[in-house]
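Asks: The residues making up each chain are set out below.
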Amino acid sequence: MTNLLVLQLLNGLQLGVLLFLIAAGLTLVFGIMDVVNLAHGVLYMVGAYFAATFAALTGSFWWGLLLTLPAAVAVGLVLEVVVIRRLYHRSHLDQVLATFGLVMIANESVKIVWGTTPLSVPMPALLSGSVPLMGALQYPVYRIAIIAAGLAIAGGLYVVINHTRIGMLLRAGATHRQIVSALGIDIGRLFAIVFTLGAVLACFAGALVAPILSVDTGMGESVLILTFVVVVIGGIGSIRGAFFGAILVATVDTLGGVFGPILLRAVMDPAAAGQAGRMLAPMLVYILMALLLFAKPDGLFGGRG
Amino acid sequence: MTDAVTQMRTAAPAVSARLKVAVVLFALFALFPPVVVAFDDPFLLLIGTRILAYAIAAMALDLILGYGAMVSFGHAAYLGFGTYAVAILSSYGVHDIGLHILGAVAASALFALLTGAISLRTRGVYFIMITLAFGQMAFFFFTSLSAYGGDDGYGLARRSTLFGTRLLDDDMALYYVTLVVLVALFALCHLIVRSRFGRVLTGIRENPLRMQAIGFAPFRYQLTAFVISGCLTSVAGVFLANQAQFVSPAFMSWHRSGELIVMVVLGGIGTLTGAIGGAVAALLLEEVLGTLTEHWRLWFGVFLVLMVLYSPRGITGLVQQIARARR
Amino acid sequence: MNLKTTFLATTFLPLVLATSALAQDVPAAAGDDVLKIGLIYTLSGPAAALGEQARNGFMLAAEQIGEIGGMETEIVVIDDEQRPDKAANDARELVQRETVDFVVGPIFSNILVAIHQPVTESGTILISTNAGTSNFAGAECNPNFYVTSYQNDQNHEVMGAYAEAQGYQNVFLMAPNYQAGQDSLAGFKHSYTGGTAGEVFTEMGQLDFSSELAQIAAFQPDALFTFMPGGMGVNLVKQYSQAGLTGIPFLSAFTVDETTLPATQDAALGLLGGANWAPDLDNEANKDFVAAYIEANGAVPGTYAMQAYDAAQLIDAAVRKVGGDLTDRDALRAALKEADFDSPRGDFSFGANNYPVQDFYLVEAVKREDGMYGTSIREKIFDDYVDTYAADCTME
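Residue numbers (the numbering used here), protein chains in the order written: chain A, 1 to 305; chain B, 1 to 327; chain C, 1 to 396.
Just so you know, the hints here were simulated from the structure itself, not pulled from any lab data.
This one's a predicted model, so the numbers in the text were calculated from it and none came from an experiment.
Think of the CB as a built atom: it goes at the ideal place given N, C-alpha and C, for glycine as much as any other residue.
It is possible that some hints are incorrect.
Unchecked claim - Derived list of chain C stretches under chain B, where covered just means 3 residues or more per stretch with a C-beta under 8 Å from a C-beta of chain B:
id, region
1, 78 to 91
2, 114 to 125
What the hints assert, rightly or not - FRET-style restraints, in silico, Cβ to Cβ:
id, chain 1, residue 1, chain 2, residue 2, range
3, B, G93, C, A391, 28 to 36 Å
4, B, V180, C, F219, 42 to 50 Å
5, C, M372, A, G115, 18 to 26 Å
6, C, A165, A, L127, 33 to 41 Å
7, A, G115, B, D40, 32 to 40 Å
8, C, V76, A, G115, 19 to 27 Å
Produce the complete structure using the sequences and hints provided.
Replies: Next comes the structure, spelled out in structure tokens:
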């Protein structure tokens, strides 16, 4: 049982850093530009497809990962210039519609370009296999690498946001948008940078999971909704909130699925507990979100409503 | 009384024009079955029924989206409550459509009351995402409801009965009954919108602080509207279940919620009639694009983006723009 | 232009245009000399490879035969997108609008459950080339419903029998949470009497199995038995070897097969499965079929292709037997029941419930001589095996 708990905590952490990479961009776009971007999950999917394509072309996972980054910058910039930029001053409703349209376009385009058969990316030899943790317990090296990469990026973002000029603008932009523009900062450029940064992080997350998941058209959607929950729980515009929200949501999700039925078994008969556990597990994060919002409508670290 | 209310008064001629348009639209719906018979393609009746059902849902969503500025991204959940009310009650031997509607409305009212009370504590982006998350919660609930097929859905052996008869087994009868319900609910929505309640709701949309200052608590009015909208949407679900004779969580996916919003906006928000026209336009576009190309979603997406970027007021706005340019 | 005319223009015009675009010509009535067949397969999404194999298998037979049943043949192919709601609607449309004579498909059991009623209710013949749920094999068997694959439980029973023979006492069971998944575990336990280390139902379409693998690592069972078709199986096999669990025997059905092997490749070599056939089964009809399929599609056929190939042969044989007269349904059903064709799997006949009576094998993933990956027969487990539900079928 302890083994299981340790493994699930690690799995939660791994899912958590992944969610954080996606949520970081989303929360900035929400917070600073006040844009609802349903197409953010698409970037995660596109990142995975890029990694799969480049890895297949170059025959190396590392080149695939590396080449994904400039491609992600290009996609981010194009999206920002062609569509997102025109949505800054529009209502949330318009933003929802336009980005919903983008989701349809992206999903269908991916089907046309890459087909509907899932792609796979070979695991780099350096990171394959697993390491012993304690006793017979093993954990895949690659997942440890994901955790490490995610934490490193989180640390990097922390430094950038708290100790650089652009970070200061980002913080100011998230809370006092009008004042920043009144100070004569080129808001257009700031927005483009923020959106592209978010796109790159999401694409990178997609590229990271490509070796452990098959790459297919639906992969962006399940993640998108979880990311929304993360952003709402953490508080819109807050990178720190996104980090803790992501870890919290991921841990509840991974632990709840396994330990929910076990805990329920203590209070009801096993068959009913199994059934109730299976019903409750996927709903847990949403219940968590509802409870949290009831107590704190602005999320854990949210400053504005 | 307030600016908003005077605005409504001055808008009165437009309202009556819209009413006329609605009457014409309903007349067209009523004439559809004979056309189908002429084309000798009875399957069109089922497509027609589906369109009418979605028109009900879109109209119900418009009630809060258009008149209350509440962008609910989880309205597909209520479609689901409607469809599952039919499935669950039927499995217990309750086949009457009136009771199905009653069950759907009761479940929806409860869910809307609970989730609305939480969601309405927030605004803007938060509201959109929270309603989305609650919609997903309902979706996952039915996905794991294995007694009714879970993910796989649940086939209905028979349609609902109407006053104890199996009248609805006939596709044309189902179509006309759906149409009658659509017209009745349109009348109801029209009354709601024009009532004092409706005017307060519009007032809150325009300026919540002022409405609060003169003694209308926005929360209560918005929550009431949210519950009404959810209940009416579930009625559409009852008819969808009968149309498809199959219920599944697919009716509740977040894509479906998005499509409902698309319908409302397509026809122009805050007009009720527009929502109905938007549902017709969106579903026909989907059907026609679907017959033309396998990748219709791509073109639908392109259409959506272009519409938002170049015609903020939906198709109606687009046609008006063109007309104005000609003049 | 005022608001009213605007509205008329925006709603009425598309309405008329769309109605005429959507309306179809008067459908060909049954009894004319065109044989109309509707295929419903999953052709997009994570499990598309399965549907493509089935479609290719059917089309290969159709091409080889030319005119199926000696009649002009029209084949309509529909992608169910693995969505039961869509499939139910499509099936209704095939039957009511296209008035097809046969509906062939689907891959997934949940789709079968969705289309069974709309198709069979109308008197149209439904031939399932893969899904074979227990309900339709037993009490709900139907004279208009035929299966060219197996009853879902059977391949799992093969693995249960194998685990039993190996003397395993502690097996971890895992399957996706849907009808076929539940059937699979029930099937395994039907012929396996040892204990279970755990029983897990995963979400349909789940791609990351880290938490399930964590449980397996924690429990250290004698073996894992699983059922993970399509992309799910690809992921599971890869993650299983990455998690260093290959020391625990991996028993499966529909998980390591010709649809997933191109993706898993070496990670799956040596993994065991249960099947009613493998590409290297030694008989003439099979050699011809496998060679023709590889030539046409450049890939090794799996059971999905073989069973759909047989469905086309079945229709051909039956329609020829009734001389192309599709109006006499009783005669057509009797002709179908005879199953008078050469199946690549050798012995093939229908039981009382219209499900096959056939042999079952333990198969192993191998790298073939041509460099491609495929399954290979290791031993025969069951001979002329009848499913356990057939006894409940009365076919009233």
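Asks: For each hint, tell me whether it holds in the structure or not.
Replies: Structure-based check of all given hints:
1. Judged by the Cβ-Cβ criterion of 8 Å, the region 78 to 91 of chain C is covered by chain B as claimed, because 6 of its residues qualify and three suffice.
2. For the region 114 to 125 of chain C, the proposed coverage by chain B is satisfied: 4 residues have a C-beta within less than 8 Å of a C-beta in that chain, meeting the threshold of three.
3. Under the hint 28 to 36 Å, the C-beta atoms of G93 (chain B) and A391 (chain C), about 29 Å apart, fit the expected range.
4. Our hint of 42 to 50 Å for V180 (chain B) and F219 (chain C) is violated, since their Cβ atoms are close to 60 Å apart.
5. Here the CB-CB span from M372 (chain C) to G115 (chain A) is close to 19 Å, well matched to the stated 18 to 26 Å.
6. Taking 33 to 41 Å as the suggested C-beta distance range, the pair A165 (chain C) and L127 (chain A) conforms, at roughly 38 Å.
7. The hinted range of 32 to 40 Å is satisfied by G115 (chain A) and D40 (chain B), whose Cβ atoms lie roughly 38 Å apart.
8. The hinted window of 19 to 27 Å between V76 (chain C) and G115 (chain A) holds, with their beta carbons roughly 22 Å apart.
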